[in-house]
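A.B. asks: Listed here are the chains, written in short residue letters.
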Amino acid sequence: MTLYSQHIVPLSEPVMHDSSTPPASTGKPAFIEARNLWQEYGDLVVLERLNIKVNEGEFCTLVGASGCGKSTFLRMLLGQERPSRGELLLGGQALPNEPDPSRGVVFQRYSVFPHLSVLDNVALGLELPKSKLLGRLFGAAKREARERAAEILTKVGLGHALNKYPSALSGGMQQRLAIAQALVMQPRMLLLDEPFGALDPGIRKDMHALLLELWQETRLTVFMVTHDLSEGFSLGTRLLVFDKVRHDPQAPNAYGARITYDIPLNETRRAQVQLPSELAERIATR
Amino acid sequence: MRLINRHPDRSGRLLLILLPFALLLFVYFSASTSRLAENPNDKLLPSASQMVDAIDRLAFTEDKRSGQYLFWQDTASSLQRLGIGLGIAALLGLVLGIAAGSVPLFGAPLSPLLTVLSMIPPLAILPILFIVFGLGELSKVMLIVIGITPCIARDIEQRAREIPGELLIKAQTLGANSWTLILRLVLPQLMPRLLISLRLMLGSAWLFLIAAEAIASTDGLGYRIFLVRRYMAMDVILPYVVWITLLAWLMDLGLRQVLRLCFPWHEGGKA
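Residue numbers (my numbering), protein chains in the order written: chain A, 13 to 298; chain B, 34 to 304.
Don't take every hint at face value.
A few chain A residues facing chain B, derived, Cβ under 8 Å [what the hints assert, rightly or not]: (1) 106; (2) 108; (3) 109; (4) 113; (5) 115; (6) 116.
By construction, these hints were calculated from the structure, which means they are not laboratory data. Computed from a predicted structure; not experimentally measured. All C-beta atoms, glycine included, are put in the ideal place defined by N, C-alpha and C.
The following block holds chain B by itself, in its conformation from the complex:
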């Protein structure tokens, strides 16, 4: 049988899913064990117990200086920035995208502008954001917003153009005006696409968040990683990276569930 026609069965699939992760863990811990056997003070590849100790120190012990649980404090700050940034970007992207994609008179000036704006490397204007918005929360949120809004808007614009013209005509014969046509036809058809777009942009959003936190912040997951780098504290950095990955994956999963539950018509394929 050809390779492309062979499908894993249920249990086989589970095994194949876990296999690469198990391999990665095995390679890491065997390397870590051998390094620590040579030099118990080695910091590069900490053992599981060292990482558990570090997490216990950060997550379940009060910080002596601030009296806070740093791990959760970092998580809350980062998630807040990310949430606000993603929310604003989604809303802006949706509005701009629909305006550019559904109303030709708005699309004419907006579409080229969005294309150009999306080409600006957001990290290159991070200094400008710090100068304009200060070093507080606003500049970090703005980096996320500026970084992903043009991409979301362009995606939504494209999808808005892909709505069959027949449907737009039909809606007009049903008595829609421009506004209600967008409200009842274009918007609901693009909401699932917005969720998909957000899922795809999650990685970029995290990137901008970590970058902003690394440069100017007093808390946050990115801040902590870059802070402890000075002490080469891999036992903190590695769990933080795993935690960030887990959070990102959970957000992705959440968005996928929302898509499935709120837009049951979307997956069945269109007429």
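Extracted from the complex, chain A is given alone in its bound form:
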């Protein structure tokens, strides 16, 4: 490779996340920590040298251009993909590399089971871990699971639709169901992959309110990938911007993205954060 083709974009300056000066260490390991994380598919480098620490209870929103690796990072957190290089730690331990009940997930589509009623979609999460052989409960245990499921469903606003099949629900309702499904497991973190990307703006606003309410109640650690910047700013306590810092015009796949901005957010929950006035205005008007 010739020298001129290694055109390196200078790192942008403001609130740049720097791996060499991690946030104030408290002695015990961070809840989630990525150390020099790389993800490559053959020649395609998606993520490179990604370093980040996230504390328990943070609401991280992940934004960036298409194909910049934010969904890849989410899939790695979920255990669906293994990093090519580097470490991804949960409380100092390597994350289990297959999905498990400690990590709830909501996808943009196909998050709910079409063959189960709304109630059973949620009760399923209570039945599966308890019954390793049949995957279902009977009698009093089943009634109890259904009661708990109904409770959570009422909380997310689906109390009236317990016996419907998901195909009879609107897109927003289906996402409510998917969230209830994830929450009933009481996971340690909730991973959201553009959960509201396919919804109308009005419905989306309701979903934001619901999500914030649930987050405040459960204090879950949330990672949410979104294409909607304002959504990222208004929901999170921390905005992570994924972008490529190096770019080779001859070989667009040669360099991967990393987290270029790491912005602490949300005045009520992080009072000290100084937001640019324009940004604050935008959030205030929502």
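Given chain A's structure and the hints, the job is docking chain B onto it.
C.D. replies: Here is chain B on its own, set in the frame of chain A:
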């Protein structure tokens, strides 16, 4: 208005459904009448009354030799073979298909094998079945099983692969292990597809049944048709063919009703 945008209304639809059948019957009976007018002993296109006589003889009169009602005896034997064959094939196809489609470690050896097996013309190995399983019921049932199991299994495998990966991930985050994931997620989602697959395979199953009965049997609908062929007894053959068609259609209808009643979520389209 363009042709593709014109839809028949309710009564018009009924008329259009009946029209081709009425036409067929009309063509047949007018041809039959004209032939019989020329030669009352003509056997090629029997009249309705001749066919009714034949059915009366076979279905409602005891056979002098065996003391049985041949028509019903034939029907029972054929349906039994078909039912057992279809049942075994459905079960085998479902198990093999899910194993190949949902568990990559099983799919690696199974999938190519099923593809190759489904290419074997089942009728070509009918002699082998007769040699191995004898001329009894087993070889006939085996022909149906061998004929349609690979096709059902391949179909189910394909559908199992089409289940969105998101759902499989989600089930794992809900605490499913491999077995319960298949039991509570994959199996129920594929049951409707199995019924559809069976509906599509009904025709083949009947084909294999008739073929096996024609070659080596002592009763059965296919046996009777090929037996009376020697006497050119079209008055028996034609009602038998109509009866077989009716049975096949009823089975198809039954499967469709089961699909509608047991899997109400299937038709509403998926999320």
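A.B. asks: Hint by hint, say whether it matches the structure.
C.D. replies: We went through each hint and held it up to the structure:
Interface hint at residue 106 of chain A: violated, since its Cβ lies 18 Å from the closest Cβ of chain B, which is beyond the 8 Å cut-off. Hint status for residue 108 of chain A relative to chain B: violated, with the closest Cβ pair at about 11 Å, above 8 Å. A least Cβ separation of about 12 Å between residue 109 of chain A and chain B goes past the 8 Å threshold, and the interface hint is therefore violated. Restraint check, residue 113 of chain A versus chain B: the minimum CB separation of about 4 Å is within 8 Å; hint holds.
With a cut of 8 Å, the hint placing residue 115 of chain A at the interface with chain B holds, because the nearest CB-to-CB distance is about 6 Å. Using the Cβ-Cβ criterion of 8 Å, the hint placing residue 116 of chain A at the interface with chain B is satisfied: the shortest such distance is roughly 6 Å.
Of the numbered hints stated above, those contradicted by the structure are hints 1, 2 and 3, listed in ascending order.
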